[in-house]
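Student: Sequences and hints are given; from them, build the entire structure.
Protein chains in written order, with this note's numbering: chain A, 1 to 317; chain B, 1 to 317.
In short, the hints are calculated from the structure, not lab data. Each hint should be verified, as a subset may be incorrect.
As the list makes no split between identical chains, a pair holds if one copy fits it or if it spans any two.
[Unchecked claim] Derived DSSO-like pairs (lysine-lysine); straight-line CA-CA distance at most 27 Å: (1) Lys264 x Lys317; (2) Lys15 x Lys169; (3) Lys208 x Lys228; (4) Lys168 x Lys228; (5) Lys60 x Lys47; (6) Lys94 x Lys47; (7) Lys49 x Lys94; (8) Lys94 x Lys127; (9) Lys169 x Lys94; (10) Lys60 x Lys78; (11) Lys94 x Lys78; (12) Lys237 x Lys317; (13) Lys315 x Lys281; (14) Lys142 x Lys281; (15) Lys281 x Lys94; (16) Lys49 x Lys60; (17) Lys142 x Lys169.
There are 2 protein chains.
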Amino acid sequence: MATVINLEEIKSILKNIDIIAAMEEGFIQYSNGNTVVPPVGELLFEKPKGDAHIKYGYIKNDDYYVIKVASGFYDNVKLGIASSQGLMLLFDQKTGVPKAILLDEGHLTDIRTAAAGALAARYFAPKKIKAIGIIGTGIQAKLQLQYLQKHTPCSSIWIWGRNKENVKKFVQELGTDFNIQIAESPSEIAKNCNLIVTTTPSEIALLKAEDIQVGTHITAVGSDTEHKQELESELLKKADIVIADSIPQSKSRGEIYKAVSDGKISENTVIELGTAVQDLKLQRTSEDQITIVDLTGVAVQDIMITKAVYNGYLKNK
Amino acid sequence: MATVINLEEIKSILKNIDIIAAMEEGFIQYSNGNTVVPPVGELLFEKPKGDAHIKYGYIKNDDYYVIKVASGFYDNVKLGIASSQGLMLLFDQKTGVPKAILLDEGHLTDIRTAAAGALAARYFAPKKIKAIGIIGTGIQAKLQLQYLQKHTPCSSIWIWGRNKENVKKFVQELGTDFNIQIAESPSEIAKNCNLIVTTTPSEIALLKAEDIQVGTHITAVGSDTEHKQELESELLKKADIVIADSIPQSKSRGEIYKAVSDGKISENTVIELGTAVQDLKLQRTSEDQITIVDLTGVAVQDIMITKAVYNGYLKNK
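Tutor: Here it is in structure tokens:
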């Protein structure tokens, strides 16, 4: 019978596994063409408004296949329930037998996104990080910061958020672990930081090309649709290296989609993350380069984190 | 936290709920346009050969949405594992919160199919049933027979199967509850029975128009692809009433698809099950009519049976 792993157990297992390494392996498998990921299934609801997405797939010749269900019901907050809900299912790839149900309530999606940010920093951030700039104050802003600690000991942080109240809360929550300064604008982040992570659902570019200093690395996490944009298209033109987690997805969403649509960069100059991590020549080669990694979220990340948690569970047993 | 209901509990709950009524309500909702059922998701596997299908949807303004995962790995028998595997997931339609995980191992799909057969008999079989004819000896043959008992007390059964060994087993297993006679051919079934259920994966028509007597009802369960066929196309032409569980599906698979392709019947004469059960004029109106219900399997059946089992579970608690 399938094992059910609840959120508390998942959080405990996550402490003992290397999710960044799992993401790296996943992106490599993806870019090498070893994953099978059909189009996402979607259910839309009207009363109240909500949506559910079903993502599924597998790595060829692997042990498992994975299905992820993730929903967003924005009226849930009125009921004191998280707007994001969901679970992960893991099945034996050779028999179809269900092996595990991870009742993660959307947490693993947050974690795999943060871990991809840390992976991006590992391969593209400059060696010497002066300060880390975080744009946005939500759960992803916090997790990106926490996972970046696995890459760098830099504790000098700049934060910018549109809502001052949320900025204050962010500082209260994380201020004891970090030396956090509040920026007046995204531009002030750009002036003080050479590792920047953008985590907002903004539809207006926040970071401008003219503000970014040489040697800066930016991981853009927020935009995953055709309308969202955190980086000015000109900034992608200014960058020496532009990386997409998924080149096919970058043709229809995210920062790269915007910059290509605006005629600022050519699709052909974009490199896929899983390809770049396998080839030193495609990674940062000097401290002066400006690098951008655009993360729109790839199903192989869900496959890898579900496998990693289940393997962690089996090890503990 | 979501409730996990295992197969043993599911079987126990099924004893106390009216699945045929649940199917009736589901088919009505479906034919009335009140269901949302996106295209089926599919994963195909090579080593070993297998497939997984993800069906999902909901009834509008209902309490839940449902996802079903069903896989077939035909090498499983070598490992002593059932080739069919799967589970059903039930979520709150208003918040997305997972409510229940039914580890049914494919059993609920078998049951909802058998219950649809009994529903078809309720509305289309002649009043006086001389004998029930079953074509095929698999799990669906047995379940159809068992569920028909909820409609008729007729215990005179004729069975035909291609494999004599399987026929013998079928009689051994069910012979104590029924008076079962073995037919030499599908034609002998047609001569002796006026309620016939076909349950094989045959790709060659088994029942011929010339053999079928007036007043016979046939439920065709086996064909659910474009290649499978149990009823000669001429037989659908001979029938007075031809019913599809899903008119859209009947355009690409099942007995009706074959008969229309062969130019024997027009699509326009086919009536949908959920429409017919709401309108006496569309049901059997005389003991002499020949009626055919072609079941290809509709996602609303999965939605309804999952809901019914969960509601049965809540009642027992």
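Student: Against this structure, judge whether each hint is valid.
Tutor: The hints, checked one at a time:
1. In this assembly of identical chains, lysine 264 and lysine 317 lie within 27 Å of each other by CA distance neither inside one copy nor across copies; the values are 53 Å within and 62 Å between.
2. Taking CA atoms no more than 27 Å apart as the test, lysine 15 paired with lysine 169 passes inside one copy only; the shortest distance there is 25 Å, against 54 Å between copies.
3. For the identical chains of this complex, lysine 208 and lysine 228 are intra-copy neighbours only, at 15 Å inside a copy versus 61 Å across copies, given an alpha-carbon limit of 27 Å.
4. For a Cα distance limit of 27 Å, the shortest separation of lysine 168 from lysine 228 inside one copy, 25 Å, qualifies, whereas the shortest one across copies, 66 Å, does not.
5. For the homomeric pair lysine 60 and lysine 47, the shortest alpha-carbon distance between copies (9 Å) is at most 27 Å, but the shortest distance inside one copy (40 Å) is not.
6. Within a single copy, lysine 94 and lysine 47 get their C-alpha atoms only as close as 40 Å, which misses the 27 Å cut-off; across copies the closest is 7 Å, which meets it.
7. In this homomeric assembly, lysine 49 and lysine 94 come within 27 Å of each other (Cα to Cα) only across copies, at 8 Å, whereas the closest approach inside a single copy is 38 Å.
8. Proximity of lysine 94 and lysine 127 under a CA criterion of 27 Å is satisfied in neither setting, with 44 Å inside one chain copy and 48 Å between copies.
9. Taking the closest pair of Cα atoms, lysine 169 and lysine 94 never come within 27 Å of each other, the shortest separation being 48 Å inside a single copy and 30 Å across copies.
10. For the homomeric pair lysine 60 and lysine 78, the shortest alpha-carbon distance between copies (22 Å) is at most 27 Å, but the shortest distance inside one copy (43 Å) is not.
11. Proximity of lysine 94 to lysine 78 under the C-alpha cut-off of 27 Å is restricted to the inter-copy arrangement: shortest distance 12 Å between copies versus 44 Å within a copy.
12. In this homomeric assembly, lysine 237 and lysine 317 never come within 27 Å of each other (Cα to Cα): the closest approach is 51 Å inside a single copy and 62 Å across copies.
13. In this homomeric assembly, lysine 315 and lysine 281 never come within 27 Å of each other (Cα to Cα): the closest approach is 37 Å inside a single copy and 64 Å across copies.
14. With identical chains, the CA atoms of lysine 142 and lysine 281 are never at most 27 Å apart, being 32 Å at best within one copy and 65 Å at best between copies.
15. Proximity of lysine 281 and lysine 94 under a CA criterion of 27 Å is satisfied in neither setting, with 38 Å inside one chain copy and 50 Å between copies.
16. For a Cα distance limit of 27 Å, the shortest separation of lysine 49 from lysine 60 across copies, 12 Å, qualifies, whereas the shortest one inside one copy, 37 Å, does not.
17. In the homo-oligomer, the alpha carbons of lysine 142 and lysine 169 lie at most 27 Å apart inside one protomer (11 Å), although the nearest pairing across protomers, at 63 Å, exceeds that limit.
This entry does not satisfy hints 1, 8, 9, 12, 13, 14 and 15, going by the numbered hints stated previously.
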